[in-house]
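Q: Start from chain A and add chain B according to the hints.
These are the residues of each chain, in order.
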Amino acid sequence: MDGVITADEAQNEADWKVGVDIGGTFIDFCALEANSGRLASLKVLTTPEDPGAELMTGLTLLAEREGFDPAHMTRFVHGTTVGINTIIQRKGAPLALFTNAGFEDVIELARLRMPDMYSLFCSRPDPLIPRDMVFGIPVRMRADGSESRAPDMAAVERAVAVAKANGAQGIIVSFLHSWRNAVQEASVKAAIAHLAPELFVFCSAEVWPVIREYERSSTAILNGYVHPRVSGYLTALEERLKGQGVPARPMLTKSNGGLMNAAEGKHACVNMLLSGTASGVIGASWLARQAGEDRILTLDIGGTSADFALIIDGKPQFGTGELIGEFPLHIPSVSVSSIGVGGGSIASVDAQGVLRVGPESAGSTPGPACYGRGGERATVTDAMVVCGWLGHSEMAYGQLSIDTGLAQRAVGELAARLGRPVEQTAQAILDIAVSEMFVEVEKLASRAGVDLRDFTLMPFGGGGPMLGAFLARELGMKRVMAPRRPGVVSALGGLVADLRGDFIRTMFSPLSGTSLPAIREAFETLAQEGRDWLVAQGHNAAAQFNLSCDMRYIGQSYEIEVVLSPEWLANGNAAAIADAFHLTHQRLYDFHDPYGTIELVNVRLSAVGAGPKLSFPEIDVIAAPAIPARRLSVYTGVNVETIDLHDRQTLAPGSTFHGPAVVVQEDTTFAIPAGAQASVDRHLNLLLTFPE
Amino acid sequence: MPLFDRTKLQVLANHARAAAENMAHTLHRTAHSAFVKETQDFTVMLMDRSGATFAVPMELGATWYPGLSYRCAIAMVDDYRPGDVAFTNDPYSGHVATHAPDTHLWKPVFVDDEIVAWTGGHIHNTDMGGAVPASLSRALTEIHQEGIRFPPMKLVNEGVFDEMILRIMSTNVRKPDLNIGDIKALVGALNTGERKIQAMVRKFGKAGFVEGVAALLDHAEAQAHDVLRSMPDGTWQFADYADEDSVEANPCRLKLRLTIKGDEAVLDFTGSDPQLGSSLNVPSGGDPRHTMLLVGVYYVLYTLNPKILLNTGLTRPFTCITPQGSVLNPVYPAAVGMRSLTCARLRSVIFGAFSQAVPERLPAAPAGNNCIVNVMTTDERTSRTVIAAVNPVVGGGGAMPHRDGTNGSGADAAYLKNTPIEITETETPVEFVRYGLARDSGGAGRWRGGLATEMAFRVFAPDSRITARNRDRSFFRPWGVLGGKAAGLSDMVVNPGTAHERRLGNIDTAVLQPGDMLEIRSAGGGGRGDPHQREPWRVAQDARRGYISPAAAERDYGVVIRGGEIDEQATNLLRAGKEPSAGHFHFGPEREVYETQWTPAAYDRLHAVLDALPIHWRFFAKTEIFRRMKGRSGPEGVQAAFDAVCERFPELPRPRPIREAAE
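If you read the sequences in order, they're chains A and B. Residues in the first sequence are numbered from 0 upward in steps of one, following numbering that gives the first Met the number 0. Residues in the second sequence are numbered from 0 upward in steps of one, following numbering that gives the first Met the number 0.
Treat the hints with care, as some may be off.
In silico DSSO-like cross-links for lysine-lysine, where the CA-CA straight-line distance does not exceed 30 Å [unchecked claim]:
(1) Lys-7/B - Lys-153/B
(2) Lys-90/A - Lys-163/A
(3) Lys-477/A - Lys-202/B
(4) Lys-612/A - Lys-241/A
(5) Lys-612/A - Lys-314/A
(6) Lys-265/A - Lys-90/A
(7) Lys-477/A - Lys-306/B
(8) Lys-7/B - Lys-477/A
(9) Lys-202/B - Lys-7/B
Using C-beta positions, here's what the derived DEER-type ranges look like [to be verified]:
(10) Asp-68/A - Arg-402/B: 54 to 60 Å
(11) Gly-339/A - Arg-228/B: 42 to 48 Å
(12) Arg-402/B - Gly-371/A: 45 to 51 Å
(13) Gly-233/B - Asp-49/A: 40 to 46 Å
(14) Pro-358/B - Gly-320/A: 50 to 56 Å
(15) Pro-549/B - Pro-137/A: 21 to 27 Å
(16) Arg-239/A - Pro-358/B: 33 to 39 Å
(17) Ala-160/A - Pro-549/B: 40 to 46 Å
If you're looking for bench data, these hints aren't it; they were derived computationally from the structure. None of these values were measured; they are calculated from a predicted model. Glycine is no exception: its CB is placed at the ideal position from the N, C-alpha and C atoms.
Just chain A, with the same shape it has in the complex (with noise of 0.2 Å):
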């Protein structure tokens, strides 16, 4: 009897779940009940001088809102800019870098070419580490993992005393050929942990044993740069969760769009750099999954950047390279790219009369013309409030308010050196600005090999809903799906992601029958730290492996991640990892060479522990006209049109329209162009489709 009210009890006892992601200005939440599916979302301004204080501030304002108690938390999953912001503001540890004698620029060299190669002034980052931060190590590894040179002990002590003395207060370790073994770098550990017990240590292998002495070195630098930070952010976010009753222990979202525990998470920090645009990307998956959608771009604009994203059978991509501020982030990660356009890019007229947009921003401060604060010059934000697609309602959850006339003015200004109308200018802002993003998003489908035609194109952000049908229309794409709560998607993303950890070995031999035991037995290897590592998560439940390699044709220099199937690996088939890799370049690149040896370079297992499983309450669907609130002129593009403005509280599932029209919401508003059909879905996205 006990044990059935007990049962009893549990079901009526709340439980909720909730996902947190930080951002530039705000903090999002998203927190669901999971009994009754109820969902809330919240926004509060971020405080960069306490991070974390905000964070106390939303959770006692949402469990005030929602009458909830902190001791009903179970879950608890956080996305932080602690890490990144590190790096782009330049506040990380002083470190010193211990890598072998005769290399000792290996960071600043990185890998010799730089952006902006037509420019006599183009440079590359200064290193993190400065050169005389910099010690060479007499130790050498061959090729074949073999020691030619034990390291010099000597050397090691002297370089601990002159860096300690330098005020480091951490060591990098990163010798050559450690991926293939690490047994160098961890003697020279050892000697540090002896000599300086209280520097932190990270090697280059622990932290991504991957082959190429540049991309593994500066990982394992992003680690330990900022590691006292995130590390000191985390204790604290613990213990004021634990203050506030919270029994959840926090975990928070990685780059590659999966979850760890903060107590992972204070060492592996470099794993959770890119974590904010990453989840974003994971949550937009999920609700195209719900939704049934399973090719999708997204596109997330903020105030001075855009960022877009693509999820191909319903996956997003990883990749490696991501920049993290001036340095590439050598981890596997989801694939976002980001271009130097959003709603405050400032529009201006050149020299010779031609209209451009960009790359100087107006940013949050002073933000657009029209937000009143001190902006003079014309902004794409401005040229949307000029059109009449802006400003109508309250903004950011009536933390911004619209002034009209204000963008009037600083469009007008460009206006008149034009000689054009006022409506005219603003509406070529906005084409510009959209072909600046173009450019962006047909390089990514380029690189991807994918036809954008048919995908589905997910605005997100609070910029996302602005723009995201005007560039769905340039990139040929016939439909638009904007989420119920575009502003809350990265933090929805962590509430649904899974554990993930990922494990990789370099093998770097030629894919045949022969070298198949050895790739067998590292990915036993691989499978058996997941298994450790998922248990360390604390998690007990059935685990996933996902194993892929990267391979290239021999004389390539870059790789290709093709997923394998375990049976291939069982049945030592290897013909079939061959003919997985000649398909998945033949989609990427168009051709492929079935006369080719095929070199395998790594082997890759992701361990994923799934989340718990959670859906969203549906909504019947009861086809209707959609009732607008009211009607607005707006300059289309040709000329002024009444238009209906719709409230998105109002669109029940089944409601329709067409465009132009407006849809306004409390953080966003949805700019619909001519030619749309709008419908509302059971679980509320809100889809455009546009007919040929």
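A: Just chain B now, with coordinates in the frame of chain A:
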């Protein structure tokens, strides 16, 4: 002509760039050879109906061809149909290809049975056959030794490759799979570009597209005019030297007289050396706007206005004069394979001329030796021959008006990429001993020149052959400006610091035996401004970082460092009364000594003498004159040497006396 809507131009430019970037990504990711993938020695472009480039990628590929016109090459093929692709690698047909390994392809883009544009591009083939592997060597003397040449012809007919051409190529080159793989990848990229242009035509309309493309060219032209207008009118002269005009021979001098008048400029290269009996010639065909001649100009324009559109329109305000039979306009059958080396010097000549026009806005000389190192050795485990590209060894950028030169590479070498040591050592049986920056190699200055790169590796098999192409600056230093000093020299040494040391100077090949170590160092970037004006803390920081030695801090900068700290008193004492050096340039002692013998007037006399000879006599006569210059100098010395040459070779044609030539 209707003026294309100024508010739509950036939209069109963005679509054009998206198409070009798309092509570049397609090629880069699908190519087979390291040349295309790692060195990124390729270009792709969109061209207008006449074959003039109107868009290039900004992120991938080489930086040489935004102003390339395919017009002449296009005209050499008849009857284009949809799906056709034409190609050539012949430097003497149409002046598109500039050495035999560069294979250029172009494809018409049809809309309604009419060609509205072209897509094109080039790849550097690993080998095109001929006398030496990779088809490139300074020692070659005529184009026929540099591999098989295909004059402009169709490679793909209505979508179908001409198998005959592929078979001929496969039979004549050393790595046919790489060539054909890369060519197919480039065809894929051209197809991508074609699709994108067709989409642009749908968006902007056919007439709108054609007008818009013309407007993009006009816009770039207007931007270039504006940059020129921002410079003072005037004439500036500058000369620079490649160390050698052929293997272990005499310097090769390039001379430029730059005249800026209003918004136009003339680049007169008259007075540059006669065409060479080596492969260092630059085949411009005398085209006054050949892209090879103007690469340095692109850098100058882009540096002064980073918003400039890179297309053929940029070239319109410029006129280049390159006398026929000179190194910058050789006649058939001069070899041209190693023109990259000369092109690097050509860029530094242009930088030097513009540096005098706008000294406050441009940097000092970049290292200017984009050396590509290849190794051929035997893998002792498999007894297999391995041929691999090792790293490029390039030097730093010149010191800028506002900061130090970029270390290790930069300026006009920024597009080069290195290969990780771990990858090279895994694929190739060599062991690196060092790869990093060379101390004291950057020119001293208020702003220091970028440091050189230094690389050393060991081989394990007998008769391992190394080539280090495009090495230069082992004698003539990258110059400093406005009181800044010239940079360190490049060098190549076998077994440095041992009894078996062999200093190779500017030699670009070496044969190594087991255990031998080869050290290659590039030049550095020139310095800018008086080094005694550099803040002592920066000098001390450079010393702490190993960029300069304490001795150099004292000698070059007048900063005394004791025990890691600046000795302020000693520094002030040392710096007191130091006058900044006079003159716009600092060339270093080697050139200063050389030019006491080879004065500008001596060169004028030399060219007066040589120009009077038939082209095929000139290089021979130059070499013979140089042989007789010992103990001679100035124009009289040249004349006396020439007289001696005439005496020795009475067959030498002497059309008329030239005594009255410039003194």
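Q: Hints the structure violates: just list their numbers, smallest first.
A: As far as the earlier hints go, 1, 7, 11, 12, 13, 14, 16, 17 are violated by this structure, in ascending order.
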